[in-house]
Structure formats: C-alpha cells, structure tokens
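Combine the two chains into a complex, taking the hints into account.
Spelled out from the first residue to the last, the chains are:
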Amino acid sequence: MIQLARLGDLVQSLPAIASLTAQYPQRSLDLLCPAVLADLARLFPEVGHVLKWNGTQWHTWAKSFVGEFQPSWLREVQQYLAELTTEPYTIAYVLNHHPRAVLAATLLATEVQGPNLRGPLDEELSPWASYLRHVAQTRGSNRIHLSDTFCGLCGVTPPLAPPILRLPSIELHGDLAEVGNSAGQWIAVVVGAGDADRSIPVSVWTEWISTVLAHDSPYAVVLVGAERDQATALAIQDGLSPMIAGRLWDATGRTTLPQLATILKRCHWVVGADTGPLHLAAAVGASVMGFYFSRARVHETGPYGRGHCVWQADHAIPETWPIQASVKIIREPAAAVQQEAVAGWSLWQSYHDEWGAIFRPVGDRDPEEDRRAAVWRQLSEQSLPLQGVQ
Amino acid sequence: MEIVQARAGMPSARAKGRWIHSAYDPIKEAQAWAESQSYHEGETLVVFGVGLLYHVEALCARLTRTVPVVLVVPDLSVLADAATVRTWGDWIDRVSWAWGTTEAIGERIAEAGHPLRLITYAPAAALHADSHQAIETAMQRRAAAQAGGQLRIAVVGPIYGGSLPITRYAISALESLGHDVRWLDHSVHATSYHQLESLKNSQHRLALQSKYAEMLSRVTMAQLAEDPPDLVLSLAQAPLILPALEHLRRKKFLTAMWFVENYRHLTYWQQLAAGYDFWFVIQQEPCIAALKQAGAKDVRYLPMAADPAVHRPLELTQTEREEYGSDVSFVGAGYANRREIFPRLLCRDWTFKLWGNEWDGATELISVLQRNGARIDTDTCQKVFNASAVNLNLHSWAGTGLDPEGDFVNPRTFELAACGAFQLTDRRTLMPGLFAETEMVTVSSPDELMGKIARWLREPEQRVAMAAQARRRVLAEHTYVHRMRDLLSQIGVTSPDRIGSILRGARQAEALALTATDSFPSLAATLRTFPSTQRVELKQLAAQIRSRGPMGTLSREDLMVLMLDEYRSETKDLV
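Here the protein sequences come in this chain order: A and B. If you number the first sequence the way my numbering does, the last residue is 390 and the count never jumps. If you number the second sequence the way my numbering does, the last residue is 575 and the count never jumps.
One chain only, chain B, in its complex shape (with noise of 0.2 Å):
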C-alpha cells in the first residue's frame, strides 16, 4: 500500500493504481460505508478488507460493544502499513483478528460464534481476493456441513428448452436435501407457446410470445402470492420479467437465478442482471463481470453436475446394445461446428452412430443419423452413452472446428462420467478445476480427434478404468445435490438472518422452544407439540392452535398468534 495524505489532513491509501480510502475524507467516507450495512441482534460480524481500518473503527463506532467482529486478515504486512499510520482507539480492543492460514482463519471465524454476517470492505478487500474467496468457500463447506433446517423454496422452470429436465434434476436435489419444494412448472404451456410459433408474421410472433410471457409471469407471482417460499429459484428461460422481480423484491421475497446457459450465446441476462438477488452461472470471468456490470449484486460460479438417480451405469440386453451401441456415437443438435467436424469420421474402421435432432439439411451425415433425426429422451439417450465405446461430446458452436472462447462444461459431460461411460471431449478451460486428465480424454482440435478415437478404441480396458474414475469423481462432487447445497450455502452465508437461519435449524421446534421457554411458556408447550426437527412458522404454530377445537383453552400468547395469523392470511397484493 502507498501512504498518502488525504485533503482532510488525515492518512489514506493507494493500491495499484486505486485509491483504497477517500483521497478526500476517509473517516467520512468509512462513516457512510458502516451505516449502509445491515447486521441483526445475535450475529457476528466478519469483515473482509484491512486497509487503514478506518471503516472497521465506524463499524465499531456504530454497533453496540457487545457486538462481535472478527477482521479478516490475510496479509499481515498490510497491517504492519496500517499501524505504522495510524494511531488506534479503544474499539481496537473489541476486535478479533483472523490470520493465518485458510484453514486458520476458518477456524478463528468459526470460533467467534453464529450466526456469521460476512462484510466486504471491497476498494480494501480487492487486494487479497483470492484469499477471500478461499475463505468465504471454507465457510460455505462448514454452513453446508452443518445445515439441518428445512427451507421452503418454490422453483421456476421454463416452458420448455434444456433448462427444463435440469429444472427436475434441481428438484430432486432439493428435496432429497430434505428442503419442501414447490415446482411452478411452466411446461405445461409449452403447447400454447408452440402455437405461436406458426405465426408466419414474426413481428406478431414475437409481440405474443413476450405478452404469453409477461402472462406467465404474473401467473408465477399469483403462485407465490398464495404460498410465499423462503426462497425463489429459478432455471434459465423461467417466465419471471424484470418488473415482475423487481416486485418480489419490494416484497422481500428472495430470488436466485441458476443460468445453466452460456451467456454469449444467450443475452437476456442482461435485461434481468438487477432483477434476482443471486445469479449461478456455469461460467466464470469474463461472465461474472458482465453480469455484474448489467447490475447484478451477487454472481457466483456453480457448475453444471449429474443426477446418478438417472445418469447411471445401465445393465442392457445384447438387442438393446445392437440397437444403441457403436464403437462412436454422439447424442446432440446438429451445430455448426458439429456439421464440419462429423463427416470426417465417416468411412473408417469404427462404426459411428449420430443421434439426435436439428440435422436437417446435413445430407452427408444420413447414413450415420438415427432414427430420423428424432429429438432422444433421457432414457435412449443412457442407454446409447453405455452401449458405446467412445462417446464423443463437442460442446456446441456456431462457427467451424471448436470453440475457442470454450469455458464451460456442459451437461453432458457430467451425465457420461456419471453412467460410466467412455468420453471424449473438447478441451475446456474450466474442464480442469471439474475433472483430471486421467478421468477423461479431450482435444484441441478437430484434427486431433481421429487418432484419439483410434488409439482408445484400441485400449478398452483403459477406457474402462477411465470412465470408472470419471463416475467416482461425480459422485464424489459434481452431483445435482453438490450444487444444490453448495448454493443452498452460498445464500445462506449472504443472508444468516433468513436462508442461514434456516438452514441452522434455528426455525425449528424444538430450537424455538428454547427461545420461548422463559418469556413465553405457554408458546414453548405448543412448539414441543410438533416433532422437534420440524419447521415451524407462524402458519403451522396457529393451525396446531386451532387444532384444539371450539372448547380449546387459549393463553394470551394463543390468542397473539392467532391475531397475527389473521393477518398473515389475507392475500398478498402482488399480482
């Protein structure tokens, strides 16, 4: 850090080019940035970003003494900087400091007591990212780990498109995380979205297609309205417009958007960047930055996974492995990029067999193209990926030869290591962080493609061992329910006093309970009523009420629930 003299006569800072404090009035600036953070009675609070601790001594200025704060340092030279300038206050003493290793640190923050509230110090906390992040994941684990509580999370799928059996995946997921989970699945519209589509006027066309959404839209919100989640998650294409979630908003609803797409193909991210309160994407820089430079406060990086419930190691017949089995396959649209490469395998000494839809127009490929080029279910689609010996998955691209912006790892490659089955794949530049190169095979480039498919053709049993590590590896990380609680966690580390809660269980029976024991005795009878695990809101605590019937004797906390219940139960105006 450069030491340099603020206007106001005070020290500030300089980082590579950026100025970490005010170069004006950094105490000002330290004051305005503690005000705008919010924190709950009973949290501790662990701030990322050291600087010259001017906003950590308004942060403490600002709370209560008995508030706990931990500061998380990474580098303990830049303290040094700050100490030689700076002369500390008493708040000092109410300080925790975090150092160390990643897993030290962890601990530290852990030791401190829950819930944790994370703040970020950002024009100070730029300089150790990598470090926070590191650390930030490391809490996530732990939250993760510890997570218990049941959250109420109403998921939106899409009318139709390749979100939509991710959108299942996702459910499942959830549920068998023990979460109650609502589907508002928009699939059942597919049929009327679909008839629009043969409006030969395309100005027509795509005036109704957004009006059919804007209607979906509000039908999701009436959704809502009758039965508000803790949480809204949404899947790529889901029918929810910006004005729409800029309304749940107002309303305190909390959304989050998986978009399981690539996001330079598919752009409408950008009208919705400000809308969702937790973006995923299946990409990381330079996509998390332009999303957050369309407006989107929270950007994480989740990957794609598999469902080993559905993507498994199948037991076919010797029909079944005539009909789906080849020494090469592939299973997927006819792209661009698919078109130029595929010809090239023709005519060899392996059997190739094509499955999938939109190959019209590729007359060369007809000889190898199954069953018309009908769209493949999930069900066929298992059974080709374990009949064949090489399975090939090219992500898709709209220009010739392979993707050379490729990042992501699309869902295919998850869902073959899950069946077992042998891949090969193009080089991705975030396939490394995801699988090893002894769990499968990939490429640089097309012309690379023919020597590989003879040289594993060749080695079976390599391939076998290959496509066995590559299965234990899904199921090891990268299942839908990986993902689901790794976000599940994320959130909950950004919001402790709603999704974090929660998921601590702090919303259940037995642990309201307790809070009610001493103040209110006669609510802490009734909430040992419900099974102790049990979530318990104001709804089910009024409904076991009233479950005592018209003689039923009510205590004046009876009677305050139940006023509040009345409340509660008139309609949401949201639509």
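Same shape as in the complex, but just chain A (with noise of 0.2 Å):
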C-alpha cells in the first residue's frame, strides 16, 4: 500500500488495510509511507513492513540534478529503491492522486491498483477516483467516507466495524506519565489546527478549558500539539485560573507521533480542529469531538468510527462558538441526541455500518435517503476486474 499524504490519510488507510487483509490473508501487505511517519505506521495492525519514503532525500536529489544533469547520478536513486525493496511487489494500491504516489507505485510493484487506469502517463481516472474528484468539487453530504473510498480503490468493502488500533506499552516521560492513569475523565485538547486560519482562538479554548474544568467537575485536561503549538498552548494556560492549573497538562511539542497516540487513548474525550490528531484518535478508541470551520468539511474529514460529535459552522470564520453546548455533551453524552440547535453551526454524529462511516445530523426528524448502498453498486460495476490478487 502507497500512503505518502499525511497523518490525517495514513490513519484513515486502517479500514483499507483491515479489509485487504481480511478479503487475502494469504497475502502480506507492506505500508509505504513518508518517512516522518514511519513510526507510527509501525503500529498498524496487519502491517508487515514500514517502508520509508524520504521526501527530504528526493527533493535534494531533484534540486542538484536541476541544471546539472549527469545521468551517472541516477545510480544513487537506484541504490536508495534497492534498499526499500529488491524484488518487485506483486500488486501496489495507491490510495494519493498525486503522481509520486503513481510513480513510486510503478517503480515497486509489477501491477498498480489506483487512481490511474492505465499508468503514470494516463490521466483517466478510475471510477473510484473519479468519485473522488466529484465530491471534493461539489462537496455536499451523504457521501461516501474517505477512508471507505480508499477501501474502494482497493477493490474491497469497508470493514464490518471500525478498526481499532491497539498500542503497545509506550513510555510517557515526567508529569505526562500521569496523563489517563488518575481518578476522573480526560480530556486531550488538540490546540493547533496547521495553518492560522483553521485554529480555534486561544480566547475560546481559554473559555473551554474553564467551562469543562469548572467548579469541582470530575474531568482533567492535557494540551496535545506539535512544536509549532507550545506558544498557543503557553497562551492558553496564562488564560487559566490559577485554581485550575492543577488539573491542566501541556504535551505539545513534547511527544513523538507513537507517545501522542498513546496520550489520546488513555482520554475518554478528543477535542480539537486538528484533524490529523482527531483520526488518530479515534483510531485508538477515543470519542472525539470536532470544531470544524474554514476548509474542514464533516462529511470529507470526519473521525471515523461510531459516536463520534463533529460541530460543524455555517461560515468559513464562525462568529460564535458552541461552548456550553460541546460541554454539555462531554458531561452527559446521551444527551447529544437531544442537542438543540446552536446558532450558527450544525451537529453531526458518526454511524458505521456494512457500508462504512456516516455522519448524521443530530435532531433532524427528516433524514436524507442513504445513498451509499447505490454508490457502491455502480462504482463496483464500472471497476475493471483487479489484476494480480488472486
């Protein structure tokens, strides 16, 4: 399997990887994925061996070769793709519309499965990929999950439940071994989101954070983040009363992708914009509850699996934020059902089934036909007949 996206599509490939493997257990599969994710691929279920794609590595080749070509120098690429493998795979799926992932499928597999009907130089789309590029320029609900389509391009159906991803014991270092193991809820707050435009305000979650750790509420909160966070979390913090620092931990910038994986599931609540942190997340168990604005549509990046919450807002910079209302949530989860409507945003709750993930909107009394059954009937048909597995 060819994964080269980022974290966010690395964990939601678990439902391509669970079903390939479970339609040819015959078969081992291999993952490559870039190399910055390598160690958190290594924990994927079924999952032979983690290949590492070097982009770094790539780009200094292409950048010395840029007026300088000397074909001599190709014999260094040649040893770098004799290290990843020597004899060719049988069958690659590419799940990235990206022409490295094609290419690089090409250069390690005798037959490619992917978005390309016939090759790196063929821009006819597969029917799957087709699907794709349809819904990401009409958007529009009732779609199929991305990580179900992957399971499409794959040539199987999406996994009968939601595949878990079962950590191994990793160490936590200093204050964040408490993290999950005192009395009480935990709550990781994911605090970045990427680009400036997609983080939720440091006035928000300063308000949050107060809101959920009020009075002598039963809940604790760890900040989760990159090295690029710990600026918006310090900020964070200064918010805070002093009363209730007691039941705040920092991690951002502080944990590998591995330690992060382990801080989320020992939460009961993942909450946060960032939507790679939220995938992983879910992946481990964690219930997750997304603020989604700007570019982050629920029904393309919505964590899979079930009961997960995703609030998401009418406009690209929401003017409120529904923060009583997400509290009320995390305190009596049974009460989303009964969630009434917050101005300017909208709540979805995950489903999963034989047709995979599906989020649904809380409190509407007039539910949109499920179309997915058909979807996945007519792309099935148009799918030309898989080559190389038997």
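Simulated from the structure, these hints should not be mistaken for laboratory data. Heads up, the beta-carbon is just placed ideally off N, CA and C, and yes, glycines get one too.
A few chain A residues that don't get close to chain B, going by computed Cβ distances all over 10 Å: (1) Val202; (2) Ala226; (3) Thr255.
Per the computed footprint, the stretches of chain B lying under chain A, defined by three or more beta-carbons under 8 Å from a beta-carbon of chain A, are: (4) 517 to 523; (5) 548 to 559.
And the structure:
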C-alpha cells in the first residue's frame, strides 16, 4: 500500500488495510509512507514492513539535478530504491491521487491499482478516483467517507467494524506519565490546526477549558500538539485561573507520534479542529469532538467510527462558538441526541454499518435517504476486474 | 625566497617581507588550505603558487591517487629553493610540472586533461601574479575557442540609464553565441520610477525609490524562481539588493555583474560587492582592489565594446549629411568639463555641432546645441558619427579640463570606431591596451585640442585611413560578442563543474547519451531522440518521456526521471 499524504490520511487508511488483509489473508501487506510517519505506521495491525519514503532526499536529488543533470547520478537513486525492496511487489495499492504516489507504486510493483487507469502517463481516472474528484468539487452531504473510498480504490468493501489501533506499552515521560492514570475523566485538547485560519482562537479555548474544568468537575485536560503549538498552549494557560492549573497538563511539542497516540488513547474525549490528531484519536478508541470550520468539512474528514461528534460551522470564520453545548455533551453524552440547535453551527454524529462510516445530523427528524449502497454498486460495476490478486 | 625556520621546527619561507607559509606550522596551515578547496570527480587540478610545496603535498594527501594535479612553475629557481630545504615524499610522483613560456605551460595544462579546476595558493602565487594572469588568460581563450554548449542566462537590466542599451547589446551578443537568454527587463517600470522623482520631499522620494528597488528585486527573484538559469548576469544599476543576492547564493544560483560604470563616480558597488559571485569592471587597479576590499571574491577587467549590427558605417543622403554633418561634433551630456572646454571651439573656421541633453544653463553653447538639447536616440547618434569629419570624444568629468585619473575607455570610443568614424579623444590610461596610436588621435590637455582639430580637418584621407583601422580593430577584438565570450569563459574556467561543463558541451544530448550508454541504456535511447547538440536537462528529459502519451512504455530509468522531475517542478522558495 502506498500512502504518501499526511497523518490524517495515513490513519484513514486503516479501514482499507483491515479489509484487504481480511479479504486476502494469505498475502502479506507492506506499507510505504512518509519517513516522518513511519514510527506510527509500524503500530498498524496487519502491516508487515513499513517502508520509509524519504521526500527530503528526493527534493535534494531533484535540486542537485537542476542545471547539472548527469545520468551517472541516477545510481544513487537506484541504490535508494533497491534498499526499499530488492524484488518488485506483486501489486501496489495507491491511495493518493498524486503523480509521486503512482510513480512510486510503478517503481516498486509489477501491478498497480489506484487512481490512474493505465499507469503514470494516463490521466484517465478509475471510477473511485472520479468519484473522489467529484465529491471534492461538489462537496455535499451523504457521501462515502474518505476511508471507505480508500477501500473502494483497493477493490474491497469497508470493514464490518471500525478498526481499532491497539497500542503496545509506550512510555510517557515526566508529568505526562500521569495522563489518564488518575481518577476522573481525561480530555485531550488539540490546540493547533496547522494553518492559522483553521485554528481555534486562544480566547475560545480558554473559555472552553474554564467551562469544562469549572467547580468540582471530575475532568482533567491535557493540551496536545506539535512544537509549533507550544506558544498557543502557553497563551491558553496564561488565560486560565490558577485554581484549575492543577488539572491541566501540557504535552505540546513533547511527544513522538506513538506517544501522542498513547496519550489520546488514555483520554475519554479528544477535542479540537486539527483533523490529523482527531483521526488518530478515533483510531485508538477515544471519543472525538471536532469543531469544523474554514475548509474542514465533516463529510470529507469526519473521524471514522461510531459515536463521534462534529460541530460544523455555517461560515468559514465562526462568529460564536458552541462552548456550553459542547461541554454539556461531554458531561452527558446521552444528551447529544436531544441537543438543541446552536446558531451558526450544526451538530453531526458518526455511525458505522456495512457501507462504512456516515455522519447524520443530530435532531433531524426527516433524514436524507442513504445513497451509499447505490454508489457502491454503481462504482463496483464500473470498476475493472482486479489484476494480480487471487 | 628567504628560508626561515618555523616555530614548529620545519622550514618556512618569506618573500618581499611577507610570509609564504605559516611562521608557526606550515604543515597544519597547508592541510587547512587543502581541506577548503573544492574538487569534483573527473577534474584535473591546476595549482598556481609554488613556495615550499607544503600545500601541494597536503592537496595530494587529501585526494585519491587518480586525481591529476598540475603545478604551474613560472620560475624554476623557486622550485630549486624548495628542493634545497625540503625532502619530497612519493606524492611528488603524482604531480605534473608545467614550466617554460606561457604557451608551453598552456599546452602542458591542456595535455593533462579536462575539465580543469584552477586552485591558487595565494601567498606563493602573488610572487608571479603577471605570469599566472597570462596563463589563465591563455586557458580562458582555449576554453572560449572550444565552447559550444548552450547556457541558460537570465540578464537583469536596469530601470533606465546608460547601461540599458548595453544590456541590449550584451543580450544580442549572448544570443549570437548560441545561448538561451532571458531578459528580466525592468525598463518597463521606468515611468512609475520616474514618477517618484516628482516628489518634492527628498526623504519621501529616497525612501520610496529604495522600496521600489526592493520590490523590483523581489520581482526578479520570482522570475528567476520560475525558470532557474545557469547564470544570472546583471548590468550596472540592475535592481538586485544585497539580501536578494545572498539568498540567491544560498539557493546555489551563480551571479555575475558587469559594472559598466566609473567606480569612483557611482559607489553603490560598496553595498553589493559581497553579493555577486563574479564582478566584471571597466577599470583595473585600484578599482579591482577596492571591490575586493569591499568583499567581492572574484573581480576581473572587462572593457566596454561596440555592437557592429548597430554601430556601423552608414550611407547617408545629402539631406542627412546636411542635417547631421559638421566639421566637428560632440554627442553627450553636459558634464562640467565639457561645459568648460567646448566654448573654446566656437567662432573658429570650422563648423561645430553639439548634440545631447543636460546642457541647461550653458548659454554660450546655445548657438551650436542641436534640437534644443533633446536626448539623442541611438539611430541619430550613428548618423552624427558617420556625418562628422572630427568626432570629439571627451570622457565625462565633474571637474575642469580633462580627468586627471581618467582610466577607463567609454562606450563611445568603441562605437565611433565601429562606425568607421574619425575621433579625437582624451588620453586614458587603459587606451593603449585597446587601441594603437595609429587608430585614433588623443589629446592630453584641452590646449592641444584646437591644434589637433585644425590639423586633422586638413587631412581627410588620413582621417579615413585611421578610422578604417580603428574599425578593423573593433571588429577583431572589441565587440560585445568578444566581451561576452570572455566573460563566460572566465566564469567557465573558475566554475568548471557548472558553467564550464555546459560550455564544453557536456550537457548536450549526445554527450549525455554516451555517459548513459552502459549503465542506463533506456535513458541513452531517450537522449538520442534529441538533436545531438541540444542541451538536455531533467526538465526536457521528463517532457520527452511524457510525450509518449498515456499508453507509452516506461522503463525503470524513465520512472526515476519522472519522479525526480515531480520534485523539481515544485516552485523554489525564493520569494
């Protein structure tokens, strides 16, 4: 399997891995992913070897070749590819509609199944890749979840149950060792979101955390994120009352991806806007609550599984935030189904069945017809018979 | 050389009061020097500077035994000094010695193999600077004569001013040499830039002009990022500021500046000296030393020139002769020295016409000033040159009389000569290296001017003969094609692995195919689909592979090339 995109897409490949290995139990499955994600990918169940794709090295080669191309220099490239695998794979499943992923697959395998119908120079898309492009352009609800389209690209149906990433014992250092171990309920707050326009403002987080930790509530909060999020985490803490500081931990910039996964697994809820960690949280079994705004859409990047909540903003930049309503759901999860409407936001909940994941609006008494089964039938009929797989 | 014992016990040397090797530990010093030298596989190293050969020994120790090393020995007595005080190891067998005349040394170096990389051990080389210069020039000529490859050159021109037409001539010359030239033309911004000059508040005006130049610098960077060239060649006044040049260097762009200005008059080179990899200037010492003092790494003399396609003899009609012709003429701006000298030419028994702008306030000259002092375009200029019996060519100066420090030779000198026009010019210290006394007449003081004008007006046949000789000289040695060929060969010799290899044709399709034949046969076959002399880079190769269409068969080598091209195609983070 070739997955060269970012953290979120890698984690969303888990259902396809589960379905492929269930359908072809006699075959071993290796995974090619960006080198920075390899330590996390090694924790994936059913994956044999994890091959590291060194994008930085490719960039360096490409730069040195510009204006100075010498055929002899390809020997180094050849050596790198030989280190990935000495024998070509029988088949490569490509999950990214990007020339690099298709080329990597063609370099490493005899047969390729992915977005392009007939190889790297062919621009004609497979039915599943066309569907993905269509929904990316038209958006809309009631679509097949990205994780499940990955299954479709691989020629398998979604797994009967959402896969769970079972982690080995991973040590957490210093005060982080306490996370999830003391009494009460733990909430991980994903403070950043990569791009500034996708980040929840510090003042909103301060109010949200103050609300959830108010009085004698049984909660503790751990702030998670990358090194770049450390300043935001400090700003959030500056705005909090010293009274609740004892129930707040700051893990931003202090964890590897496997350690982050461990922290998320130890939490009951994981809340935030950064979809990568939210997908990881869903994969390790935590309940996820997402605030989706800017370019984030629940139908495209909602957390995979059952019982996750996503607040979808009506506008790219929300004017108000559902602080009280979202904290109420954390306190009383069963009350989510009776949640009253919040101006500027809609609340969605995730479900899972034989056609994979779907998000349905909370409180909608007249739900849209579920078209997933029809889409699966239609796309499966259009698909060419799989090659190289028995 | 004076042999002196170093503190560490081994012999060291001094000459003319300067240490050639370290007074403390010559071996350690030589090792550090050798480590700092760059080398690429397949090159032959040519070492300038003999001394006691500690540096040559250290260089041999650093490199594998197969690397050819040629030591240039301009004076065998220096080698004898070294042999007296030092005992050689077996490294000495690896060194080829090149001595004798400049030609003999040049041939010995050429025999050693290509590509050549020049390495200078400066403390020892300084003893024979003139010989080394002559040998390097010979090597450059040889490189220029062999040059056949096509470079991609981005030429950054000024917003306006005298270097703007020179930018055009340089581009035309580079194109005629077969290079792929892209002009980053900032003259299109001239109107906006001049608008700023109308601001009365000088603080505002200067601040905004500076910001404007900074913005154009960023525009240049964006243009370079879109299609990275092999060489960025700036002409004087090009709007590239130091941080931009430093950024280009970090991104491995090679940059050169042809500073076609009087360095004493325009001094902004002080802020830019360290930014360019190569400086080419129209003056010699002390200009070259001043630039190096300011941080320039490589400074070379490259005089002005003419473009024979523009500057040429014209057949003029009678009407044109009447309009543009006179016994004596001058075309140029109203600098102080000209304002002081030219009134002496009035009321004589010859006709005098003055052409050009910036003559405001020169009331004495109004009677001879043509077109009310309007700026004269290039076409008109050529007509005046061709129609005048005696063309005056007084170099500009802000003082009275002639410039006592006058060294460089202005473009007008070459342009007049290329037109086959007779000229009378002021004496310049660099003139004898460019023109002979039989090719143009010079004056050393304004007092000589009247007598010489009168004399040469009386000798029309000799005037024509002298002018014809000057034209032949320009066509043989002083065109922009000559200058650009020199500039590129000098950069090519200094940068043998980049510019040098392209100039040698090592990046042409056939040469690349030859190197690929054994290890990458499929790639070699693709390379052979290009015309054999076409320059081929990763981008062109990938495009050729893609052109096979969706059903095209791809080899493993093709796939590697396509993958590399995917990473290449990302925009460089220059801006």
